[in-house]
Amino acid sequence: MKEVTATAATVDEAVQLALQQLGVSRDRAEIIVLEKGRKGLFGIFGSKPAVVKAKLIADPVEEAELFLKNVVKQMGATAVEIEKQQNGNQVTFMITGEQVGLLIGKHGQTLNSLQLLTQLVANRYAKEYVSIIVDAENYRERRKKALIQLAQKLAEKAIKTGKEIKLEPLPAHERKIIHTALANNEKVTTYSVGEEPRRYVVISPIK
Amino acid sequence: MSVVRMKPLIETIVQALVDHPEAVLVTSVEDEQTITYKLSVHKEDIGKVIGKQGRTIHAIRTVVYAAAARQPKRVIVQVNEEG
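Respectively, the protein sequence lines represent chains A and B. Per the UniProt record's numbering, residue 1 is the first one in the first sequence, and the count goes up by one each step. Per the UniProt record's numbering, residue 1 is the first one in the second sequence, and the count goes up by one each step.
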């Protein structure tokens, strides 16, 4: 973590100086007063300067962004752009470029892993929980549409055959898409079975 | 496409997750078909690297295997559980 020590006539001045050196505002640094300083007689005799230490407080979103950029680059996707969108406690990193296929992986499993790791990094530094979404070339939206279509197709099949249908294991946010898609379908119910990371949705016809 | 090196990739990921980044050590053993990367971390960080139900190590492996997909040899990531 970045930190500087600054010396000035008063504590206030030393703090200002330290913040200037770090290039941040007061709320982004932790200040430790090492020496309070003394004015001394007539401001000349026996005066002692004030010394403070300022530590940069890591910003969870910045740390997450830096982490994701480093990892993506070291994975070999050097020609991609990462754009950040923040909405309250939810941050979306949208990756664009020609090499995103490598970052998405089969059924988005690489993208989901990048998202999990980035989320862990962000929340190491967060006071309040930060929710991270890592997306690439709008994969999340395309995947959502495909999952809704799949859910509807399988629901019809379940109704027609009268038998339960088990889906492939899916991560929590994708299972939710299936449950939500069929929530208003009165002819089927959905539930999840199994332990993570192999938990899967079952579509069951109502008899 | 630049040459993808697994060791720095594993180090970058793991160092960002642990409390003792200086204790992160990645060594590799290579045979004809595979390269095995052995990951050692500080004792207190083993749980962080593995994660609940192995979620974190699963994610690390998924990312590393994706990066290694174009390499001729199979890549394995192991965690040294003794710390």
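Hints in this document: simulated from the structure, not taken from any laboratory. Bear in mind the structure is a predicted one, so any value in this text is a computation, not a measurement. Backbone N, C-alpha and C define an ideal beta-carbon position, used for all residues, glycine too. Don't take each hint at face value.
As the list claims (entries may be wrong) - As a list, the in silico SDA-like pairs of lysine to any residue whose alpha-carbon atoms are at most 20 Å apart: (1) A:Lys166 <-> A:Asn185; (2) A:Lys153 <-> A:Pro197; (3) A:Lys106 <-> B:Pro8; (4) A:Lys73 <-> B:Lys48; (5) A:Lys55 <-> B:Lys43; (6) A:Lys73 <-> B:Ala69; (7) B:Lys52 <-> A:Gln109; (8) A:Lys73 <-> B:Glu30; (9) B:Lys48 <-> A:Lys106; (10) B:Lys52 <-> A:Val130; (11) B:Lys52 <-> A:Val193; (12) B:Lys52 <-> A:Ser192; (13) A:Lys69 <-> B:Glu11; (14) A:Lys69 <-> B:Lys52; (15) A:Lys73 <-> B:Tyr65; (16) B:Lys48 <-> A:Tyr125.
Said to hold, decoys possible - Quick list of simulated restraints, FRET-style, between CB atoms: (17) A:Lys106 <-> B:Glu30: 39 to 45 Å; (18) A:Gln86 <-> B:Lys73: 26 to 32 Å; (19) B:Thr27 <-> A:Gly46: 56 to 62 Å; (20) A:Glu35 <-> B:Thr12: 50 to 56 Å; (21) B:His20 <-> A:Lys53: 31 to 37 Å; (22) A:Tyr191 <-> B:Arg74: 34 to 40 Å; (23) B:Val29 <-> A:Ala183: 49 to 55 Å; (24) B:Glu44 <-> A:Lys53: 23 to 29 Å; (25) A:Lys55 <-> B:His20: 14 to 20 Å; (26) B:Lys73 <-> A:Ser204: 16 to 22 Å; (27) B:His20 <-> A:Lys153: 26 to 32 Å.
**Item:** Numbered hints the structure breaks, given as an ascending list
**Value:** Violated hints (numbers, rising): 2, 3, 4, 5, 8, 9, 14, 17, 18, 20, 21, 26, 27; every other hint is consistent with the structure.
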